[in-house]
Amino acid sequence: MRRLLREPLGVFGLSLVVLVIFGAVFADLLSAYDPTRINPRVRFQGPSGDHLLGTDQLGRDLFSRVLYGGRIALFVALVSTAVSLVIGIVLGLIAGYGPRWLDNLMILLFDSMKSFPTVMLALALVTIMGPSLTAVMVVVVLVTVPGYARIIRTQTIAIKTSEFVTAAQSMGASNGRILFKHILPNVIGPLVILASMDIPVVIAIEAGMSFLGLGVRPPTPSWGSILNDGFSSIRDTAWIAIAGGLPIIITTLGFTFLGETLRDVFDPRLKGR
Amino acid sequence: MLAYTFKRLLLAVAIVSLAMFLLFCMIYTIPGDPAAVALGPRATDEMREALRIKMGLDQPIWVQFWNFFTGAWTGDLGNEVLSDRPVLDVVLEQLPYTLALIAGGISWSVALGIPLGCWAAVSRGSVADRIVGVISVAVIAVPSFVIAIYALLIFAVTLRWLPAIGAGEPGDLSDQLVHLILPSLAVGLGWVGYIARMVRASMLEVLEASHIRTARAFGLPHRMITYRYALTIAILPTITLLGVGIGQMLSSAVFAEIVFARPGVGKLVYDAILTRNFPVVTGAVLVTTVLFVLLNLLADLLVGALDPRVRSSF
Amino acid sequence: MTTLAISGLNVWFSTEDGPLHALKDVEFDVPERSIVGIVGESGCGKSTLINAILGLLADNGSIEGGSIQFEGAQDLVILGPKEMQDLRGPRISTVFQDPMGALNPVLTVGRQMVNIQYRDGGSTAEKRARAEEMLSLVRIPDAKAALDRYPHQFSGGMKQRIAIAMALMMKPALLIADEPTTALDATLEVATIELLKDLQEEIGCSVLFISHHLGVIAELCDEVVVMYAGEVVERGSVRQIFNDPRHPYTVRLLECDPARQTSRSRNLPTIPGEIPDLRQRPAGCVFAPRCHRVHAGCDQAQSLVEIGEGHAARCNLALEPQTAEATA
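Sequences listed follow chains R, B and H, in order.
The opening position of the first sequence corresponds to residue 3 in the working numbering, with each subsequent residue numbered one higher.
The opening position of the second sequence corresponds to residue 2 in the working numbering, with each subsequent residue numbered one higher.
The opening position of the third sequence corresponds to residue 117 in the working numbering, with each subsequent residue numbered one higher.
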């Protein structure tokens with residue numbers, strides 16, 4: 003942690019992340035307006051003392067929408083990353099520990115899953131499921147699971163053959179016990195760093211899908227849908243697009259700078275992944 | 002080399018088949034009736050039933066899969082719901098625009114990324130190196146659609162330097178190129194970062210190699226060593242990287258096409274979803290998957306062709 | 117005239133754990149048209165010495181005092197990078213240890229040999245002809261076709277001969293050969309050594325030959341410099357060093373010579389102990405911790421003691437002949 007604080011970029015990233023989390027957590031205290039309340043009398047107002055970031059086409063206060071949008075973004079990031087991690091760990095352990103044919107099959111599966119361009123995958127899924135927060139999370143899981151499973155698999159294979167696992171096996175430990183007592187603790191470190199570096203990707207997916215109208219349903223505020231509102235009227239009311247884009251930039255930059263620094267400090271081996 | 006090409010080709014076929022299988026599973030196992038989805042809520046039961054039979058949905062699942070699978074491999078991706086035109090034709094019509102966009106994105110990323118990475122490696126540890134590093138991370142982190150909208154806002158709306166929408170007059174190449182500048186920048190900017198980082202890392206590795214020491218010991222000029230002896234080797238991994246990156250660029254292209262109102266596969270799929278033109282969505286996803294796998298394959302073979310070591314080892 | 121005269125050369129590296137004294141008061145000459153061998157364990161400073169001569173020390177290394185007189189005219193220590201670059205190649209050229217990695221993998225041999233001649237006027241065809249001539253001289257079969265092939269298409273021995281051809285193409289005054297035969301097997305080693313000797317006589321250059329294979333040194337060299345921990349511990353003619361070694365380290369080294377052992381091994385059998393940490397050089401003799409003849413005088417700094425014509429050792433017992441039984 004002290005080494006992290008010595009890196010200016012890490013400190014910068016950390017402060018951006020803290021800022022975003024603070025804004026999302028204390029959204030109701032920080033904003034004077036209901037993010038979904040329509041007020042036709044103040045439509046399309048530029049930034050002012052009353053409305054720090056201005057208002058949108060329905061007269062909703064953009065500042066509070068941005069703050070509440072942060073809640074959605076962080077919620078999706080946390081929940082779907084957690085789900086991905088669990089699925090990725092299970093699949094990776096099975097691939098790494100199971101029989102050879104299963105391993106080969108799963109590697110092929112991960113590769114072909116990755117060969118779907120993310121947006122195409124999202125579009126196909128939403129066609130069937132309809133736009134919703136769940137669809138966003140399913141996309142995130144499908145996109146991130148192969149990466150986690152792969153790293154778990156590689157590490158599992160490396161550890162499987164190491165002496166202490168062989169020793170445990172010879173002492174009659176069950177497969178399940180070996181997996182969770184011996185292998186998991188050894189693979190969890192690099193995985194957490196990788197997951198933290200995926201957070202900006204997750205946030206980009208949520209914002210991107212909401213921008214396309216495939217994610218969060220209106221009137222729930224999301225940075226992507228604010229950006230879309232702004233895009234529709236970009237020639238006249240640029241501040242709406244700016245208000246939607248800035249939090250995305252701040253959050254992705256913050257998490258990326260923080261993640262990069264964390265990785266360099268704690269696990270230089272992962273560099274270049 | 003021939004055996005290697007064959008092996009890679011076989012793998013590509015396997016991956017595409019598996020992608021088809023997954024796509025099929027996704028369509029047919031997730032709840033929801035494709036016929037109902039396609040026709041919308043106002044359709045009558047008879048209409049749905051007719052479409053179900055036309056789409057082959059009344060047959061057993063393995064027959065459906067086999068039809069889908071063989072159809073897809075022979076280029077029969079079904080017909081569009083509204084005009085009844087073959088989906089493949091509709092998709093292929095839009096494909097050149099998307100390919101142009103991706104080619105533009107690759108041009109941006111190569112034209113900016115390679116010099117930046119090379120510069121950072123040569124001036125390792127300097128302020129310039131740090132700045133290139135931070136910029137690389139930053140452009141990778143920021144999503145392409147945000148870049149697209151901000152680029153539109155700055156260069157097209159505010160400064161009015163470049164056109165905001167469309168693909169330019171058909172037949173007028175310079176107009177089309179001008180229309181390509183901003184969207185391709187949005188597609189390629191993130192890759193400037195990836196490529197700069199990759200070139201920097203592999204350049205540093207190559208500069209440590211003993212043949213570079215030999216070149217120095219022969220008093221070859223610094224420029225010749227940097228560009229002809231080191232960079233030619235250091236850029237080889239970026240080709241593989243670009244091959245992998247095609248998928249991400251396809252994603253960015255969808256956004257760029259929507260933001261800049263350009264024709265293309267991405268716009269096609271997006272519009273197809275809004276109009277519930279379901280076979281177009283499946284078809285376009287499959288075509289882009291095949292495209293992705295093919296471009297990946299091409300990148301691998303290109304590395305083989307450019308690197309004499311790889312060329313002879315297969 | 118001496119081709120290379122090194123005196124009082126000191127090289128320091130700044131490392132994370134403090135300054136490292138890599139070369140200390142190195143002093144020896146390479147007379148014209150002679151072959152001087154440098155022997156020593158790995159880590160004795162051979163590579164640093166080469167890099168110092170070539171002006172290719174890493175960024176954290178610097179020459180602190182001393183001089184490297186080249187052909188009696190130029191001091192390489194004070195020469196600027198541009199002038200050094202002009203010397204490297206035409207006047208001083210190098211053959212490195214690793215034949216596999218010493219050539220650029222993505223350029224043809226011909227291209228690389230043409231590039232080396234970039235300073236000369238003339239057409240590419242002329243330069244290619246010159247390269248072809250050199251390749252035939254080092255007995256590369258079908259030299260013309262070889263020009264258009266890539267390094268990986270040649271065997272290790274051939275690659276090393278190509279490297280020698282490149283190094284001698286510009287007819288340098290000094291050839292530095294950094295363990296050029298270590299990576300080759302025994303038969304190739306002999307052939308390469310003979311080739312090197314023939315070419316040296318033909319071109320009339322001097323050679324600084326670095327090796328830890330004493331047999332090769334004895335066969336090829338006129339004079340020998342023994343290095344230990346960045347210092348010259350003994351120097352003299354081949355006869356003096358091999359028949360009348362005066363430094364205990366030289367004595368140990370000769371005992372460990374694979375040629376004198378029953379079993380042949382590529383690595384030099386080790387002398388007990390390790391090279392000291394060069395960040396904390398002992399005040400006295402640097403070899404004392406491993407020396408079998410250590411005594412009270414060894415905690416004082418040692419100077420090179422002149423024993424005979426051109427023979428000197430950095431040991432206060434240098435004037436007493438070393439007896440075999442002392443080393444038993």
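FYI, nobody ran anything at the bench for these hints, they're computed from the structure.
Honestly, I wouldn't trust all of these hints.
[Stated by the list, open to error] Between beta-carbon pairs, the in silico distance windows are:
| id | chain 1 | residue 1 | chain 2 | residue 2 | range |
| --- | --- | --- | --- | --- | --- |
| 1 | B | Ser211 | H | Pro437 | 28 to 34 Å |
| 2 | B | Phe66 | R | Gly48 | 54 to 60 Å |
| 3 | B | Leu12 | R | Ala160 | 38 to 44 Å |
| 4 | H | Ser183 | B | Gly126 | 26 to 32 Å |
| 5 | B | Asp46 | R | Phe182 | 29 to 35 Å |
| 6 | H | Ala417 | R | Leu7 | 43 to 49 Å |
| 7 | R | Asp266 | B | Met225 | 53 to 59 Å |
Here a beta-carbon is modelled for each residue, glycine too, at the ideal position from N, C-alpha and C.
Now the hints, each set against the structure:
1. Ser211(B) to Pro437(H): 28 to 34 Å: This hint is violated: roughly 42 Å between Cβ atoms.
2. Phe66(B) to Gly48(R): 54 to 60 Å: holds, 56 Å
3. Leu12(B) to Ala160(R): 38 to 44 Å: violated, 24 Å
4. Ser183(H) to Gly126(B): 26 to 32 Å: With Cβ atoms ~31 Å apart, the hint holds.
5. Asp46(B) to Phe182(R): 29 to 35 Å: Violated, since Asp46(B) and Phe182(R) (Cβ atoms, about 52 Å apart) do not stay within the stated range.
6. Ala417(H) to Leu7(R): 43 to 49 Å: Cβ of Ala417(H) to Cβ of Leu7(R): about 47 Å, so the range 43 to 49 Å holds.
7. Asp266(R) to Met225(B): 53 to 59 Å: Violated: the Cβ-Cβ distance is about 33 Å, outside 53 to 59 Å.
Hints 1, 3, 5, 7, counting from the list given before, are not met by this structure.
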